[in-house]
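Asker: From first to last, the protein sequence lines are chains R and L. Just so you know, we're using my numbering here: the first sequence kicks off at 1437 and counts up by one. Just so you know, we're using my numbering here: the second sequence kicks off at 1437 and counts up by one.
Hints are computed from structural coordinates only; laboratory data are not their basis. Wrong hints could be hidden among the right ones.
Claimed, not checked - Straight-line Cα separation of at most 35 Å, DSBU-like style, residue types lysine-lysine; simulated pairs:
#1 R/K1563 - L/K1597
#2 R/K1481 - L/K1481
#3 R/K1450 - L/K1537
#4 L/K1566 - R/K1474
#5 R/K1554 - L/K1570
#6 R/K1450 - L/K1536
#7 R/K1591 - L/K1554
#8 L/K1554 - R/K1474
#9 R/K1570 - L/K1474
#10 R/K1566 - R/K1641
#11 L/K1485 - R/K1474
#12 R/K1481 - L/K1537
#13 L/K1634 - L/K1554
#14 L/K1554 - R/K1587
#15 R/K1554 - L/K1474
#16 R/K1566 - L/K1563
#17 R/K1457 - R/K1485
#18 R/K1457 - L/K1474
#19 L/K1474 - R/K1563
#20 R/K1563 - R/K1591
#21 R/K1485 - L/K1481
#22 R/K1563 - L/K1566
#23 R/K1554 - L/K1587
#24 L/K1615 - L/K1641
#25 L/K1474 - R/K1566
2 protein chains.
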Amino acid sequence: MSRLIVALDCEAEKAIEIAEKISDYVYAFKVNYPLVLKSGLSLIKTLSKISMVIADFKIADVPHMSSQIAECAFEAGAKAVIAHAFVGFDSLEAVVNKSKKYGGEVYAVCELSSEGGKEFMLPVSEKLAKVAVKAGCSGIVAPATRVERIKSLRKVVGNLKIISPGVGVQGGSALEAIKAGADYVIVGRRVIVGDVVKNVEEILKEIGDIDED
Amino acid sequence: MSRLIVALDCEAEKAIEIAEKISDYVYAFKVNYPLVLKSGLSLIKTLSKISMVIADFKIADVPHMSSQIAECAFEAGAKAVIAHAFVGFDSLEAVVNKSKKYGGEVYAVCELSSEGGKEFMLPVSEKLAKVAVKAGCSGIVAPATRVERIKSLRKVVGNLKIISPGVGVQGGSALEAIKAGADYVIVGRRVIVGDVVKNVEEILKEIGDIDED
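Looking at chain R on its own, in the form it has when it is part of the complex (with noise of 0.2 Å):
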């Protein structure tokens, strides 16, 4: 069982050949906004049929919107979607509703892993991370590059499942993320670019998912 979800942040025909790959050492793949508004919705179902796909739509509007956005992934072949608990309650749970009829799993964002992430974010992060509980989500994102944000926000969120980007480039490390409490980490340059089954084995080597040569 690993523990990785690879970011698939890269031109759509890049995308399905790294899929196919790489998909034995993955947990899920996550698709971005401007991979799928080149590519069309049907992306997702391509991908879906390779393996699990987490749309990270990073949903962020009123409630009517955000449902329908969600509508979007899942009727494609998303799994999971990704939505920001910022927007309130109202929103998450209207995400969270229309899941419930696909089956299918919510990851609200608690605090980006950029340095952004910082100024409104984190000051109410363990905030976000209840509301994320209260609304019924599968799991909340937490930032692999503040690895003792991923400590606090999971005495909120208990069971949750915590995925985790930032690994990488960002600067973040998959280990110490999983250390921390990270059920998944999202990793997306370090693996896409070069040799991408190498990439992958060496992370899970670091995180223990496969034992060292």
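For chain R, the structure is supplied; the task is to place chain L on it using the hints.
Answerer: Showing chain L alone in chain R's frame:
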């Protein structure tokens, strides 16, 4: 000069039909993610030939990803994008920097018009407005559902444009929003359901952009 932005929250075919009917009456058309995800970025191109298009993608990602999302919208012909300020200065600045290449505009959401907008955004919305000013945004998004908030935010943003959603079905009054300091009101369902020309004329009369009969 109209102060009405119409949110084309419907299917693509109807959106184009509506846009053609009322383009003379509106400042701009706003498109959302469900519409663009289902129809492709080419819809923005089609609409941009009819009138100015605001891509309401509520961009809320880490800087390099936010920048790429904005690029998708501008490349497709959008004149403006909407981005969230709560993700912090770096992300908003990345979107503004991208907009410059296209002579585009960026509107920063300070407070959603929904109930959830009161939970985490309202308490910091003046600060979010300051971030919008600092990042070089063209304007902000403030709720017509709470016009006293428009007044407060106007004091922070000075001459920046304020666009204001929540008019109609969500309960806000177009006239009250304009009186409170909004430059443009954003109306969706109240325009696009029923006789669109009649609906638009009613709103324009209400805000004094065309004379009463």
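Asker: For each hint, tell me whether it holds in the structure or not.
Answerer: Now for the hints, and whether the structure bears them out:
Annotation: proposed proximity of R/K1563 to L/K1597 holds, straight-line Cα distance about 32 Å (limit 35 Å). Straight-line distance between C-alpha atoms of R/K1481 and L/K1481 comes to about 25 Å, which keeps the hinted pair within the 35 Å bound. The hinted pair formed by R/K1450 and L/K1537 meets the criterion: a straight-line CA distance of about 27 Å does not exceed 35 Å. Taking the CA atoms of L/K1566 and R/K1474, the gap is near 33 Å; set against the 35 Å cutoff, the hint holds.
The hinted pair formed by R/K1554 and L/K1570 meets the criterion: a straight-line CA distance of about 17 Å does not exceed 35 Å. Proximity of R/K1450 to L/K1536 is assessed by CA-CA distance (about 29 Å); at most 35 Å being required, the pair is judged to hold. A C-alpha spacing of about 26 Å is found between R/K1591 and L/K1554, which places the hinted pair at or below 35 Å, so the restraint holds. Note on L/K1554 and R/K1474: the hinted pairing holds, with a Cα-Cα distance of about 34 Å set against a maximum of 35 Å.
For a cut-off of 35 Å, the pair hint linking R/K1570 to L/K1474 stands: about 31 Å separates their Cα positions. Taken as a hint, the R/K1566 and R/K1641 pair is honoured in the structure, with Cα atoms around 33 Å apart against an allowance of 35 Å. For the given pair, L/K1485 sits about 20 Å from R/K1474 by alpha-carbon distance, which is consistent with the 35 Å threshold. Between the alpha carbons of R/K1481 and L/K1537 the distance comes to roughly 33 Å, so the proposed pair stays at or under 35 Å and holds.
Distance check on the hinted pair: L/K1634 and L/K1554 sit about 33 Å apart at the alpha-carbon level, within 35 Å; holds. Among the hinted pairs, L/K1554 with R/K1587 is consistent with the structure: their alpha-carbon atoms are about 28 Å apart, no more than 35 Å. Restraint check: the Cα-Cα separation between R/K1554 and L/K1474 comes to about 34 Å, which is no more than 35 Å; the hinted pair holds. In summary, the hint linking R/K1566 to L/K1563 is supported, as the alpha carbons are separated by about 23 Å, within the 35 Å threshold.
At most 35 Å may separate the alpha-carbon atoms for a hinted pair to count; R/K1457 and R/K1485 meet this at roughly 13 Å. Proximity of R/K1457 to L/K1474 is assessed by CA-CA distance (about 29 Å); at most 35 Å being required, the pair is judged to hold. Between the alpha carbons of L/K1474 and R/K1563 the distance comes to roughly 34 Å, so the proposed pair stays at or under 35 Å and holds. The suggested pairing of R/K1563 with R/K1591 holds, with an alpha-carbon distance near 12 Å, which does not exceed 35 Å.
A hinted pair counts as satisfied when its Cα atoms are at most 35 Å apart, and R/K1485 with L/K1481 qualifies at roughly 31 Å. Restraint check for R/K1563 and L/K1566: satisfied, since their Cα atoms lie roughly 23 Å apart, inside the 35 Å limit. A hinted pair counts as satisfied when its Cα atoms are at most 35 Å apart, and R/K1554 with L/K1587 qualifies at roughly 28 Å. Among the hinted pairs, L/K1615 with L/K1641 is consistent with the structure: their alpha-carbon atoms are about 14 Å apart, no more than 35 Å.
For the suggested pair L/K1474 and R/K1566, the alpha carbons sit about 33 Å apart, so the restraint of at most 35 Å is met.
The earlier numbered hints are all upheld by this structure, with none contradicted.
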